[in-house]
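*Asks:* Residues per chain are reported as follows:
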Amino acid sequence: QKEVEQDPGPLSVPEGAIVSLNCTYSNSAFQYFMWYRQYSRKGPELLMYTYSSGNKEDGRFTAQVDKSSKYISLFIRDSQPSDSATYLCAMSGYSNYQLIWGAGTKLIIKP
Amino acid sequence: SAVISQKPSRDICQRGTSLTIQCQVDSQVTMMFWYRQQPGQSLTLIATANQGSEATYESGFVIDKFPISRPNLTFSTLTVSNMSPEDSSIYLCSDGDRDYGYTFGSGTRLTVV
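Chains as they are written, first to last, in our numbering: chain V, 1 to 111; chain H, 112 to 224.
Here chain V stands alone, though its shape is the one from the complex (with noise of 0.2 Å):
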């Protein structure tokens, strides 16, 4: 069992729907949580940053972390088509500064 989740998909979406991307882990002690865009033949950019557990908004994006159930989710509002790339998660523990990674999931906004 990989130690982060995450469906690969695609997800295929209508413009202007809400998006919800999510990754499970199974470390208890990750402390640090990251959402990455990545566009093709780009470098991972970083979207949100959560430390522990709690929301996080910034624009048509929010990033959740649920550490009771190990669940961290990000939202989408009134999606793009320039949002279509692959999704991220990325986690880390506090003693330890390496990310684990999820698989990534493409997304596709459909106008």
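The hints are simulated quantities; they were obtained by calculation from the structure and are not laboratory data. Watch out, some of these pointers could steer you wrong.
As the list claims (entries may be wrong) - Across the chosen pairs, the derived CB separations fall in these ranges: (1) V:S95 - H:S112: 14 to 24 Å; (2) V:N22 - H:Q152: 16 to 26 Å; (3) V:P81 - H:Q125: 37 to 47 Å; (4) V:E15 - H:P182: 46 to 56 Å; (5) H:S170 - V:S69: 24 to 34 Å; (6) V:N55 - H:P182: 39 to 49 Å; (7) H:F172 - V:A29: 22 to 32 Å; (8) V:R41 - H:T167: 25 to 35 Å; (9) H:S180 - V:R41: 22 to 32 Å; (10) H:P182 - V:S12: 41 to 51 Å; (11) V:N55 - H:R209: 34 to 44 Å; (12) H:K176 - V:E3: 35 to 45 Å; (13) H:F172 - V:K2: 17 to 27 Å; (14) V:S12 - H:N183: 37 to 47 Å.
Claimed, not checked - Covered by chain V, according to a simulated footprint, are these stretches of chain H (three or more residues, beta-carbon under 8 Å): (15) 123-131; (16) 210-217.
Stated by the list, open to error - If you want the ones that stay clear, here's a sample from chain H, every Cβ over 10 Å from chain V, calculated: (17) S112; (18) Q135; (19) S138; (20) D175; (21) R181; (22) E197; (23) S200; (24) L221; (25) V223.
Backbone N, C-alpha and C define an ideal beta-carbon position, used for all residues, glycine too.
Chain V is fixed; fit chain H onto it per the hints.
*Replies:* Relative to the frame of chain V, chain H by itself:
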């Protein structure tokens, strides 16, 4: 958060040669990471590079093949040595900034022929 400039952005290299990839950070960072990413896959950590100490390599990666330098807190290089077609991949560097989240360079797309 930091801005990381990575170069070259892409290269096509002959089998048996070496390529050095550079990452320049616009602020001082203690820790940097080097990754490899195969098409359609997630990131695989090659090594962790701290200034003033030897890089720490992950299982399956060795210093002779992927020597890393970290001469100061704003710069690092990764060399891919004695290349074979199996080394064709995207190579990425990142910082390890816990305050703002980890920032990545734009990547180096390497093709070995």
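*Asks:* Taking the hints in turn, state whether each one holds.
*Replies:* For each hint, the structure was consulted:
no. : hint                       : verdict
1   : V:S95 - H:S112: 14 to 24 Å : holds (22 Å)
2   : V:N22 - H:Q152: 16 to 26 Å : holds (19 Å)
3   : V:P81 - H:Q125: 37 to 47 Å : holds (40 Å)
4   : V:E15 - H:P182: 46 to 56 Å : holds (48 Å)
5   : H:S170 - V:S69: 24 to 34 Å : holds (30 Å)
6   : V:N55 - H:P182: 39 to 49 Å : holds (41 Å)
7   : H:F172 - V:A29: 22 to 32 Å : holds (24 Å)
8   : V:R41 - H:T167: 25 to 35 Å : holds (29 Å)
9   : H:S180 - V:R41: 22 to 32 Å : holds (26 Å)
10  : H:P182 - V:S12: 41 to 51 Å : holds (47 Å)
11  : V:N55 - H:R209: 34 to 44 Å : violated (20 Å)
12  : H:K176 - V:E3: 35 to 45 Å  : violated (26 Å)
13  : H:F172 - V:K2: 17 to 27 Å  : holds (20 Å)
14  : V:S12 - H:N183: 37 to 47 Å : holds (46 Å)
15  : 123-131                    : violated (count 0)
16  : 210-217                    : holds (count 7)
17  : S112                       : violated (7 Å)
18  : Q135                       : holds (14 Å)
19  : S138                       : holds (15 Å)
20  : D175                       : holds (22 Å)
21  : R181                       : holds (15 Å)
22  : E197                       : holds (20 Å)
23  : S200                       : holds (12 Å)
24  : L221                       : holds (12 Å)
25  : V223                       : holds (17 Å)
Going through the hint list in order, the structure does not satisfy hints 11, 12, 15, 17.
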